[in-house]
Amino acid sequence: FLNPERINPPDVDIDFDDRQRDQMVRYVTEKYGSAYTAQVNTFGTIKAKAAVKDANRILGYPFAMGDRITKAMPPDVMGKGVPLADLFNE
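So the sequence shown is residues 811 to 900, counted in the working numbering.
It should be emphasised that the hints constitute simulated quantities derived from the structure, not laboratory data. There may be inaccurate statements among the hints.
As the list claims (entries may be wrong) - The list that follows gives simulated cross-link-like pairs (lysine-lysine, DSS-like), each with its CA atoms no further than 25 Å apart:
{"no.": "1", "residue 1": "857", "residue 2": "881"}
{"no.": "2", "residue 1": "863", "residue 2": "890"}
{"no.": "3", "residue 1": "890", "residue 2": "859"}
{"no.": "4", "residue 1": "859", "residue 2": "881"}
{"no.": "5", "residue 1": "890", "residue 2": "857"}
{"no.": "6", "residue 1": "863", "residue 2": "841"}
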């Protein structure tokens, strides 16, 4: 894991319970110093069809219903889908 030939420094993922996250961030910062630590957030996004399928599943509707809705949606054009909000305005 740690060796002098490694090109990039290692990272530490701190997926901890929200109630203990601040404590872990403080510990790591105190141990390694603020010059050697950073907090990075990532945000995931999903396209309209995936959002509809997720909502369908979470609400407990049959898979076939979500499938039918997404098949009625316009296809992606050059990899870009229509925003879900735009579908409600049509």
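Self-check item: Violated hints - listed by number, lowest first
Solution: When the structure is compared with the hints, only number 6 turns out to be violated.
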